[in-house]
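Chemist: Per my numbering, the sequence shown starts with residue 3, numbered consecutively.
Keep in mind that a hint or two might mislead.
With beta-carbon atoms standing in for the labels, derived distance ranges [as the list claims (entries may be wrong)]:
id : residue 1 : residue 2 : range
1  : D23       : K137      : 34 to 42 Å
2  : E68       : G107      : 18 to 26 Å
3  : E122      : V15       : 19 to 27 Å
4  : H67       : Y32       : 28 to 36 Å
5  : P25       : G66       : 44 to 52 Å
6  : S24       : S121      : 13 to 21 Å
7  : G66       : R100      : 32 to 40 Å
8  : E20       : D117      : 20 to 28 Å
9  : Y32       : D70       : 19 to 27 Å
10 : K125      : T92       : 13 to 21 Å
11 : N36       : K80       : 21 to 29 Å
12 : T106      : T129      : 15 to 23 Å
13 : K137      : G69       : 13 to 21 Å
14 : K137      : E20       : 32 to 40 Å
Dumping the calculated PhoX-like pairs for lysine-lysine here, alpha-carbon to alpha-carbon at most 25 Å [stated by the list, open to error]:
id : residue 1 : residue 2
15 : K27       : K82
16 : K108      : K137
17 : K47       : K9
18 : K47       : K26
19 : K80       : K33
20 : K115      : K33
21 : K115      : K27
22 : K80       : K27
23 : K103      : K27
24 : K103      : K82
25 : K82       : K33
26 : K108      : K47
27 : K82       : K47
28 : K80       : K13
29 : K115      : K103
30 : K47       : K80
31 : K9        : K27
32 : K13       : K82
33 : K125      : K137
34 : K108      : K27
35 : K26       : K13
36 : K9        : K33
37 : K47       : K137
38 : K103      : K26
39 : K13       : K33
40 : K82       : K26
No lab work stands behind these hints: they were computed from the structure. Note that the coordinates shown come from a computational prediction; the quantities given were computed from them, not determined experimentally. For glycine and all other residues, C-beta sits at the position ideal for the given N, C-alpha and C.
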Amino acid sequence: MYEQKTKETEKDVIEFIENVDSPKKREDAYKLLNLFNEATGFEAKMWGPSIIGFGSYHYVYKTGHEGDAPLVGFSPRKAKISLYFAPGDTEREALLARFGKHTTGKACVYINKVDDIDSEVLKELITQSVSFLQKQYPANG
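Start from the sequences and build out the full structure, keeping to the hints where you can.
Modeler: This is the structure we're talking about:
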């Protein structure tokens, strides 16, 4: 049976940020913490060892696989900062066109630093992602 690796934990978000090696990444993590908090209204929670998530939803795939995930989140990784938004959101691309310097993965958007992006567009991406997931999974938060 599949065991979900990334689960909400009781670890302290501020303690996690304080342990980020790079002072610049630490500063950016605090900026992102404020932006995500302001845009979602949700309290930040640690998901797994390194993702700071906001809100949560329960998903069930057609395959029967199910689990919980944060609505949105970020992680100040060594190489780049990972931003987590809703996979499958068709509005994301239009917002990313105005976002600033970034690269994308399936569900992640990667940035080098907060100064490379438009904070207002980030807030739009966050609220759009939350709205999209709450429509997709209406029984959730």
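Chemist: Determine for every hint whether it applies to the structure shown.
Modeler: Now the hints, each set against the structure:
1. D23 with K137: 34 to 42 Å: holds (38 Å)
2. E68 with G107: 18 to 26 Å: holds (22 Å)
3. E122 with V15: 19 to 27 Å: Since E122 and V15 have Cβ atoms about 24 Å apart, the given range 19 to 27 Å holds.
4. H67 with Y32: 28 to 36 Å: This hint holds: roughly 35 Å between Cβ atoms.
5. P25 with G66: 44 to 52 Å: Roughly 45 Å apart at Cβ, these two residues keep to the hinted range, so it holds.
6. S24 with S121: 13 to 21 Å: With a Cβ separation near 20 Å, S24 and S121 satisfy 13 to 21 Å, so the hint holds.
7. G66 with R100: 32 to 40 Å: For R100 against G66, whose Cβ atoms are near 38 Å apart, the range 32 to 40 Å holds.
8. E20 with D117: 20 to 28 Å: Holds: the Cβ-Cβ distance is about 21 Å, inside 20 to 28 Å.
9. Y32 with D70: 19 to 27 Å: holds (26 Å)
10. K125 with T92: 13 to 21 Å: holds (19 Å)
11. N36 with K80: 21 to 29 Å: The hinted range 21 to 29 Å holds for N36 and K80, with Cβ atoms some 22 Å apart.
12. T106 with T129: 15 to 23 Å: holds (19 Å)
13. K137 with G69: 13 to 21 Å: For G69 against K137, whose Cβ atoms are near 19 Å apart, the range 13 to 21 Å holds.
14. K137 with E20: 32 to 40 Å: holds (36 Å)
15. K27 with K82: Status holds; Cα separation ~9 Å.
16. K108 with K137: This hinted pair holds, its Cα atoms lying about 20 Å apart.
17. K47 with K9: Given that 25 Å is the threshold and the Cα spacing comes to 10 Å, the pair holds.
18. K47 with K26: With a Cα-Cα distance of about 22 Å, the restraint between K47 and K26 holds, given a limit of 25 Å.
19. K80 with K33: Judged against 25 Å, a Cα distance of about 17 Å means the pair holds.
20. K115 with K33: Answer holds: K115 to K33 is near 10 Å, not above 25 Å.
21. K115 with K27: holds (7 Å)
22. K80 with K27: holds (8 Å)
23. K103 with K27: The hint holds at about 16 Å.
24. K103 with K82: The given pair, whose Cα atoms are some 12 Å apart, holds under the 25 Å limit.
25. K82 with K33: With Cα atoms ~15 Å apart, K82 and K33 stay inside 25 Å; holds.
26. K108 with K47: The hint holds at about 22 Å.
27. K82 with K47: holds (20 Å)
28. K80 with K13: holds (20 Å)
29. K115 with K103: holds (9 Å)
30. K47 with K80: holds (20 Å)
31. K9 with K27: holds (23 Å)
32. K13 with K82: Between K13 and K82 the Cα gap is close to 22 Å, so the pair holds against 25 Å.
33. K125 with K137: Answer holds: K125 to K137 is near 18 Å, not above 25 Å.
34. K108 with K27: holds (23 Å)
35. K26 with K13: Holds: K26 and K13 sit about 22 Å apart, inside 25 Å.
36. K9 with K33: holds (24 Å)
37. K47 with K137: holds (22 Å)
38. K103 with K26: holds (17 Å)
39. K13 with K33: holds (20 Å)
40. K82 with K26: Answer holds: K82 to K26 is near 12 Å, not above 25 Å.
The earlier numbered hints are all upheld by this structure, with none contradicted.
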